[in-house]
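2 protein chains.
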Amino acid sequence: MGDRMETHTLFHTIHQLSRQLTKQVNDTLQPFGLYSAQWAVLFVLKTKGQMSQSALCEYLAVEAPPMTRTIQRLAKQGYVGQTPGEDKRVKVIHLTEKAQQAYPEWERAVLSMNDRLLECVPEEQRVFMQSLLNEWLGKMKGDLHE
Amino acid sequence: MGDRMETHTLFHTIHQLSRQLTKQVNDTLQPFGLYSAQWAVLFVLKTKGQMSQSALCEYLAVEAPPMTRTIQRLAKQGYVGQTPGEDKRVKVIHLTEKAQQAYPEWERAVLSMNDRLLECVPEEQRVFMQSLLNEWLGKMKGDLHE
DNA sequence: TACAATAGTTACCTAGGAAACTAATGGGGG
DNA sequence: CCCCCATTAGTTTCCTAGGTAACTATTGTA
Chain E
0 MGDRMETHTL
10 FHTIHQLSRQ
20 LTKQVNDTLQ
30 PFGLYSAQWA
40 VLFVLKTKGQ
50 MSQSALCEYL
60 AVEAPPMTRT
70 IQRLAKQGYV
80 GQTPGEDKRV
90 KVIHLTEKAQ
100 QAYPEWERAV
110 LSMNDRLLEC
120 VPEEQRVFMQ
130 SLLNEWLGKM
140 KGDLHE
Chain U
0 MGDRMETHTL
10 FHTIHQLSRQ
20 LTKQVNDTLQ
30 PFGLYSAQWA
40 VLFVLKTKGQ
50 MSQSALCEYL
60 AVEAPPMTRT
70 IQRLAKQGYV
80 GQTPGEDKRV
90 KVIHLTEKAQ
100 QAYPEWERAV
110 LSMNDRLLEC
120 VPEEQRVFMQ
130 SLLNEWLGKM
140 KGDLHE
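Protein chains in written order, with numbering that gives the first Met the number 0: chain E, 0 to 145; chain U, 0 to 145.
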């Protein structure tokens, strides 16, 4: 019985960890006028290159409406552009020159935050944690599509 | 360099896992007209007994405003009562008879969901994951108070 | 007694999901 | 071949969840 109860604790821990992490990211990005959801999009665009909005949704595992909002804010700040694709329904999102120039500074801040948060977690444990969580997430999402 | 990049992935995995879990909880509780944040409060009250609102906040690691909202909704649904404490500022929250009666059914639903989600994760890995995440969270919160 | 600290609320912000909608695309039947 | 219809990309609206700042009311203390 004690076993089953502890599952509540596991879920709670993950939830709390997630909130703490995004709070840290927000604090780190605040000087630049950016928020965590925006950073996630900027990072993907920088790493993978330009992408349609739906591709961004799928990659970040986020529904369409929040993505629309995040991109509209980024566009208003002049960090991304939306060009219509071959298919006239899609909008291809790309980083602007302004974003390309500012990006290194953003990345420095985020990476140094990452280092700070992870310095107390040995490399080996980090890798193991990552693989466990990823495997679990994969199985969870797999089950949903059965 | 590849190493540092992977930290983005770790954070993203945790974030996504957290969202998936609360989505599952919400789906499970929807038939009862409850949401995940409410369930967290009900669970703590059932497990620990009546508590002041600020004690609930601390225990669940949530700020005061969201807690006020969650409790007000629970009160409106007749699941918790708020009695003024000795100190006239505090409100002591307790489960109503209605909640006590419905609780076992809620718990059954949630526990069976837990089992379903965790059946693909070996007991041993679960325990290890829990301890790693908890330790990390503890260190993170510890650093903030330095 | 004046003042700092605490409990809780209110107002406003970001993040995300569900449902209903619009516009464009792409396939079958006639 | 063309039209109707299902599908898809994005948007709008409205909901929950959580955080910050500013506020009120009470308490405790210097």
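Simulated from the structure, these hints should not be mistaken for lab results.
Treat the hints with care, since some could be wrong.
[Stated by the list, open to error] Computed far set for chain E versus chain U, every beta-carbon distance over 10 Å:
#  : residue
1  : 37
2  : 51
3  : 54
4  : 64
5  : 68
6  : 72
7  : 84
8  : 85
9  : 93
10 : 95
11 : 98
12 : 102
13 : 108
14 : 113
15 : 138
[Unchecked claim] If you only want the chain E side, here are some residues facing chain U, beta carbon under 8 Å, derived:
#  : residue
16 : 17
17 : 49
18 : 120
C-beta atoms are modelled at their ideal positions from N, C-alpha and C, and glycine is treated no differently.
Cross-check of the supplied hints:
1. 37: Residue 37/E clear of chain U: closest Cβ-Cβ about 14 Å, beyond 10 Å.
2. 51: 20 Å, holds
3. 54: 16 Å, holds
4. 64: 14 Å, holds
5. 68: Its Cβ never comes within 10 Å of chain U, the nearest being 16 Å, so this holds.
6. 72: Fine: 19 Å to the nearest Cβ keeps residue 72/E off the interface.
7. 84: 26 Å, holds
8. 85: 30 Å, holds
9. 93: 20 Å, holds
10. 95: About 22 Å separates residue 95/E from the closest Cβ of chain U, which puts it past 10 Å; holds.
11. 98: 17 Å, holds
12. 102: Since the minimum Cβ distance to chain U is about 14 Å, residue 102/E lies beyond 10 Å and the statement holds.
13. 108: Non-interface label on residue 108/E holds, nearest chain U Cβ at 13 Å vs cutoff 10 Å.
14. 113: 4 Å, violated
15. 138: 4 Å, violated
16. 17: 4 Å, holds
17. 49: Since the shortest Cβ distance to chain U is 19 Å, the answer is violated.
18. 120: 5 Å, holds
In this structure, the hints that do not hold are numbers 14, 15, 17, in rising order.
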